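**Student:** Got chain A; can you put chain B on it based on the hints?
Residues per chain are reported as follows:
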Amino acid sequence: MKATNIVVSLVLFALSAGVLLGTWHLPYWADFAPGSAFAPFWVGFAGVVLAVVLLVGTLSEHDGTPHSFPDRRGLMRVGGVAVGLFALLAAIPLIGFIPAGILFCLYLLLGVERRPLLPTIATTVIVIGLVYGVFVAWLGIALPRGAFGV
Amino acid sequence: MDVLASLAQGFEVAFTPTNLLFVLIGVTLGQLIGALPGIGPSAGMALLLPVTFGLEPVTALVMLAGIMYGGMYGGTLTSVLVNVPGEAASVMTAVDGNQLARKGRAGQALAVAAIGSFIAGVGAVIALVFLTPALSAFALRFSAPEYFLLALLGITATASLGTGSPVKAMIGAVLGLMIALVGTDPIQGTERLTFGSLDLMEGIDFLPVAIGIFGIAEIFASMEEPQNMQPVKTRLKDMWLTAKDWAECRMAILRGGLIGFVIGLMPGAGPTVASLLAYVVEKKASRHPERFGHGALDGVAAAESANNSAAHGAMVPMLALGIPGSASTAVLLAALVLLGIRPGPMLLTEQADLVWGLIASMFIGNVILLIMNLPMAPLFASVLRIPYSYLVPGILIISLVGAYAVSLSLFNVGLTLAFGVIGYLMIRADIPRAPLVLAVVLAQLMETSLRQSLMLSEGSLSIFVERPLSAVLALLVIGSLALPVVNVLLARRAARRAGVDRLVSHSSD
Numbered sequence: 001m002k003a004t005n006i007v008v009s010l011v012l013f014a015l016s017a018g019v020l021l022g023t024w025h026l027p028y029w030a031d032f033a034p035g036s037a038f039a040p041f042w043v044g045f046a047g048v049v050l051a052v053v054l055l056v057g058t059l060s061e062h063d064g065t066p067h068s069f070p071d072r073r074g075l076m077r078v079g080g081v082a083v084g085l086f087a088l089l090a091a092i093p094l095i096g097f098i099p100a101g102i103l104f105c106l107y108l109l110l111g112v113e114r115r116p117l118l119p120t121i122a123t124t125v126i127v128i129g130l131v132y133g134v135f136v137a138w139l140g141i142a143l144p145r146g147a148f149g150v
Numbered sequence: 001m002d003v004l005a006s007l008a009q010g011f012e013v014a015f016t017p018t019n020l021l022f023v024l025i026g027v028t029l030g031q032l033i034g035a036l037p038g039i040g041p042s043a044g045m046a047l048l049l050p051v052t053f054g055l056e057p058v059t060a061l062v063m064l065a066g067i068m069y070g071g072m073y074g075g076t077l078t079s080v081l082v083n084v085p086g087e088a089a090s091v092m093t094a095v096d097g098n099q100l101a102r103k104g105r106a107g108q109a110l111a112v113a114a115i116g117s118f119i120a121g122v123g124a125v126i127a128l129v130f131l132t133p134a135l136s137a138f139a140l141r142f143s144a145p146e147y148f149l150l151a152l153l154g155i156t157a158t159a160s161l162g163t164g165s166p167v168k169a170m171i172g173a174v175l176g177l178m179i180a181l182v183g184t185d186p187i188q189g190t191e192r193l194t195f196g197s198l199d200l201m202e203g204i205d206f207l208p209v210a211i212g213i214f215g216i217a218e219i220f221a222s223m224e225e226p227q228n229m230q231p232v233k234t235r236l237k238d239m240w241l242t243a244k245d246w247a248e249c250r251m252a253i254l255r256g257g258l259i260g261f262v263i264g265l266m267p268g269a270g271p272t273v274a275s276l277l278a279y280v281v282e283k284k285a286s287r288h289p290e291r292f293g294h295g296a297l298d299g300v301a302a303a304e305s306a307n308n309s310a311a312h313g314a315m316v317p318m319l320a321l322g323i324p325g326s327a328s329t330a331v332l333l334a335a336l337v338l339l340g341i342r343p344g345p346m347l348l349t350e351q352a353d354l355v356w357g358l359i360a361s362m363f364i365g366n367v368i369l370l371i372m373n374l375p376m377a378p379l380f381a382s383v384l385r386i387p388y389s390y391l392v393p394g395i396l397i398i399s400l401v402g403a404y405a406v407s408l409s410l411f412n413v414g415l416t417l418a419f420g421v422i423g424y425l426m427i428r429a430d431i432p433r434a435p436l437v438l439a440v441v442l443a444q445l446m447e448t449s450l451r452q453s454l455m456l457s458e459g460s461l462s463i464f465v466e467r468p469l470s471a472v473l474a475l476l477v478i479g480s481l482a483l484p485v486v487n488v489l490l491a492r493r494a495a496r497r498a499g500v501d502r503l504v505s506h507s508s509d
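Protein chains in written order, with our numbering: chain A, 1 to 150; chain B, 1 to 509.
For reference, chain A alone in the conformation it holds in the complex (with noise of 0.2 Å):
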């Protein structure tokens, strides 16, 4: 846990610095009222105090308790979901969101939980079928239709 407490500590510090400096060129008080990087000033040196207790907690530490990230196969499996949810996402445009909602069930049924290929394709039926009938159907959401026009 040591080595994430550091990487967490220097993560929040820089992205206070960016909150800081993202607003320095805002008015911290503005006349008589407190202006729009009061805020900001404050929540960034929360986050600088918070770094620093962090960082130094975990440096004075002896006895760190072990990290719990998973083995290299829960790795894959995570990466392996989180990889298609982004691909799912840049598809959206190009084929629409239901096509590209088919193809990111089969992939992650059969692709990444290995799973049999007739309950995969019966799940992907149930699963379009419920966001076709709720949200668009019922809800009259409309989808993103890509290529195919769906």
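Everything labelled a hint here was simulated from the structure, so no lab data went into it.
Please note that a few of the clues may not be correct.
[Said to hold, decoys possible] SDA-like, lysine to any residue: derived pairs with alpha carbons at most 25 Å apart:
id	chain 1	residue 1	chain 2	residue 2
1	A	K2	B	I126
2	A	K2	B	P484
3	A	K2	B	I386
[To be verified] Output of the computed footprint for chain A on chain B, the stretches with three or more beta carbons under 8 Å from beta carbons of chain A:
id	stretch
4	184-197
5	402-415
6	462-471
Computed from a predicted model, the values in this text were never measured in an experiment.
Cβ coordinates follow ideal geometry from the N, Cα and C atoms, glycine included.
**Tutor:** Here is chain B on its own, set in the frame of chain A:
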């Protein structure tokens, strides 16, 4: 009497066929969401919030609230039958519930959990009926300084009363405040941290944050290992409680319910802390503490009564003050805002039908849940035999459609995925996610009331201690910040003493 008349009016609203149907849908979904490991009630509520866009506000709220307290009942199933808590508030149930199941007493464990949850839940709703109007009337005296301090207390209390590291809980809250800063300044209208992006000009919507941080992140975490659940079988006839079982558990239900309700009222504590505390108290009060951890029926009763009672108790500050005390009530508050309703002390007078309809629906929902968890428990237990991997694509696609439906923009879908990754990294780094979501919800109220207060006082901080009410709130904020520091100092002192005692005993040897 006014309260009872309002409640009767609430029952009229709740008993309309549409609202009854959506109470049933809400509690059934809550029961299923609570039972399935990998997705909790807050995530379920966030995922299903877009489904409510086409509904009347009261119908939408009774359904979402049903998911919230239905999740408390559903979590018991997986805890007892599989030894995997369906949601965090059922962790203590798993300790003794699964031991009972291994001894062939799964039915009794489920029955006592259902009856305890029902009694504590109905008791908490009765308390809610009388407490909410009183607190709401009292809160009409609040002005900007009190609102700022109350919102701040909501965040600092999450850090000091939570179960993990207070520093990490505060880090979660600061991250939430940073997310909420993006967009347009609520008072002066200046762009902040948008980095020239038009999509960020109106700020980051709550739903992509909640769906990503809770829903997608929990799916990522559950994907780390294949989920092969082997639930213990249970039959209806095993669910009868003997007079001895009942005598053993009735005080545990009462104590658990009371502790749960009080903890639920506190900002930031929530059902998880409530069940943990109720379990510890019950172990101390029990005539047979040695059974705890090895299958104590009263341990299950206390933990389950407390978590359901806390889920209902957390509704009091949300309805009366517009301040959510837990992640689930934060989602419920966001739903109110998305449905065009302004939360706060005026809610009870401006939207009486909605508030009383919601409260009345909780009585109905608890009765439905009792039926679902007593005669129908074996049926719901059979749902656990569906391999989890077949549910994952559906949950993920509905999450993304929900994020898209908020503003019909793929940018929000991208944000949801990004927050999903952030939420997963937070889980792995042991940073609690509830403070982040609470901070996103409370940030605007906090900033506006802080700036209004300082405008009124011309920059003097004395405005936060001038009125007795604000002074008390300021003290509570300071107390909640000091509590973790005091705890650390006491723990160090105890460790030092233990070290000295060991040295003394070694030298005497």
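**Student:** Against this structure, judge whether each hint is valid.
**Tutor:** Verification of the hints:
1. K2(A) - I126(B): Violated: K2(A) and I126(B) sit about 47 Å apart, past 25 Å.
2. K2(A) - P484(B): OK: K2(A) and P484(B) at ~21 Å, within 25 Å.
3. K2(A) - I386(B): violated, 39 Å
4. 184-197: Our answer is that it holds, as 7 residues pass the Cβ test (under 8 Å) against chain A, meeting three.
5. 402-415: Coverage by chain A holds for the stretch 402-415 of chain B (6 residues, Cβ < 8 Å).
6. 462-471: With 0 residues close enough to chain A, the hint is violated.
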